[in-house]
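Q: Here are the chains, one letter per residue:
There are 2 protein chains.
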Amino acid sequence: MRPLNSQAWKMLENIRIVLVNTTHPGNIGGVARAMKNMGLSDLCLVAPKSFPSEVAVARSSGATDLLDAARVTETLEEAVADCHLVVGTSARGRHIPWPVIDPRELAGIVSEVRPELRVAVVFGREDRGLTNEELQLCHHHVHIPANAEFSSLNLAAAVQVIAYELRMMALSAQRAEAPRWGTSWDIELAESGEVERMFEHLERTLVEVEFLDPDNPRQLMPRLRRLLLRAVPDKVEVNVLRGILTAVNKKTRS
Amino acid sequence: MRPLNSQAWKMLENIRIVLVNTTHPGNIGGVARAMKNMGLSDLCLVAPKSFPSEVAVARSSGATDLLDAARVTETLEEAVADCHLVVGTSARGRHIPWPVIDPRELAGIVSEVRPELRVAVVFGREDRGLTNEELQLCHHHVHIPANAEFSSLNLAAAVQVIAYELRMMALSAQRAEAPRWGTSWDIELAESGEVERMFEHLERTLVEVEFLDPDNPRQLMPRLRRLLLRAVPDKVEVNVLRGILTAVNKKTRS
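Going down the list, the sequences are from chains A and B.
Using the working numbering, you'd call the opening residue of the first sequence number 249 and step up by one each time.
Using the working numbering, you'd call the opening residue of the second sequence number 249 and step up by one each time.
Derived from the structure by calculation, the hints contain no laboratory data.
Note that the structure is a prediction, hence the values are computed from the model and not measured.
Virtual Cβ for every residue (Gly too), placed ideally from N, Cα, C.
Some hints could be false.
[Claimed, not checked] A few chain B residues facing chain A, derived, Cβ under 10 Å:
| hint | residue |
| --- | --- |
| 1 | Val457 |
| 2 | Phe459 |
| 3 | Thr500 |
[Claimed, not checked] The list that follows gives simulated cross-link-like pairs (lysine-lysine, DSSO-like), each with its CA atoms no further than 27 Å apart:
| hint | chain 1 | residue 1 | chain 2 | residue 2 |
| --- | --- | --- | --- | --- |
| 4 | B | Lys258 | A | Lys499 |
| 5 | B | Lys498 | A | Lys499 |
| 6 | B | Lys483 | B | Lys499 |
In isolation and in its complexed conformation, chain A is listed as follows (with noise of 0.2 Å):
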């Protein structure tokens, strides 16, 4: 895939993931694994349970600058007051409804966001998320889909939905249509012609193996036509075909 270019990064950049009141500092390690893996940088932990910790650190699989550049703060108020979008993770059905969006919706929202503004992404506790009054901080509510009947995604793995859809958007707001006829390795596709050669020399092959009776040939030719040009093969590819080939013949005709 492309390398973000520096637009792309400034929108990254400019988002913040803030844990809230983190029970097991594996789950911080392996959110700042998700976060690197992803291309987000700004960490930041409101009270979390235990923090420095080993557990994160190994968890986080070499994502320690985040760990070490991670802010701690006492309320969701400090972590938040610098941002200009803030947005909570949330299950289904609380009392009051929000405006509630999917991952996809949050990531097309922080497309349109003014290079210059920082956005922050809050989630909450691993067994009772955010509480009404941290939801009612919050411009918009995320939901991620999940089985209605086993809904409770682990804090990592919720990190790596979101991180992943704003990565998407990063790199498909950058993407110049690509075209889609033509191999995507560096062989050329082949030309008509030097298919139409192949053909011809695999038609030629298969009557002197009696495996294609001039007389009846049904609709051998075609099937194999139908089979071969469906894949669509670069030059090297039918050259490899019609050395081949030409192995047969040899081997045949001695």
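For this one, chain A is given, so just place chain B on it according to the hints.
A: For chain B alone, kept in the frame of chain A given last:
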């Protein structure tokens, strides 16, 4: 969000998650949890290091039904033998480039698979992913577009991202649309096992006609695999290819 209707459920039910040689049983538990959160249920483990495992049960947070039902196989070939579309997760930069898609494109393809066909998404080892040989069993390679400088996701996090995209697809594909993976004619697609036996026959024959040197095979078989898997052969086409190989065998041995 909308609950899934029976057709969308059916789509998710036909998706198998395959984990190859997983080292840490905690990751197996995390995968089961992520799958169940997203409505997937078919888990297959290829030669896991430690399973069944109490650690897996703990990390699954209640997705023990998936762990209990998980199938364990010795080889990847067994795990995917009855599947029609096989997708391997991959980092970039393999020797032979293969068609690489992102998780959203994967979901788009899966949404077009005929409902009677089975899909496998294959995840590799925690440290080294899938081997080139394993990747060459696959029709497509899916790559999660991670930070190039820190690209290795936790196994459960990677499954979470893919499963999330598949669920989002199922949710948005509630409308009935014509499926597109599978033949649009009246012959069934070949299963992975049939195709593999054809490749084995092809390889033996290429050695016999002295086109393939077993001591220096270079990239011949991978190239032929890539070509023919791109075409997604039906049962009759595979039989035709076997017939050609048998005719060549007879002729060269006579």
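Q: Would you mind marking each hint as holding or not holding in the structure?
A: Verification of the hints:
1. Val457: holds (5 Å)
2. Phe459: holds (4 Å)
3. Thr500: Since the shortest Cβ distance to chain A is 5 Å, the answer is holds.
4. B/Lys258 - A/Lys499: With Cα atoms ~51 Å apart, lysine 258 of chain B and lysine 499 of chain A exceed 27 Å; violated.
5. B/Lys498 - A/Lys499: holds (11 Å)
6. B/Lys483 - B/Lys499: holds (25 Å)
Of the numbered hints stated above, the single one contradicted by the structure is hint 4.
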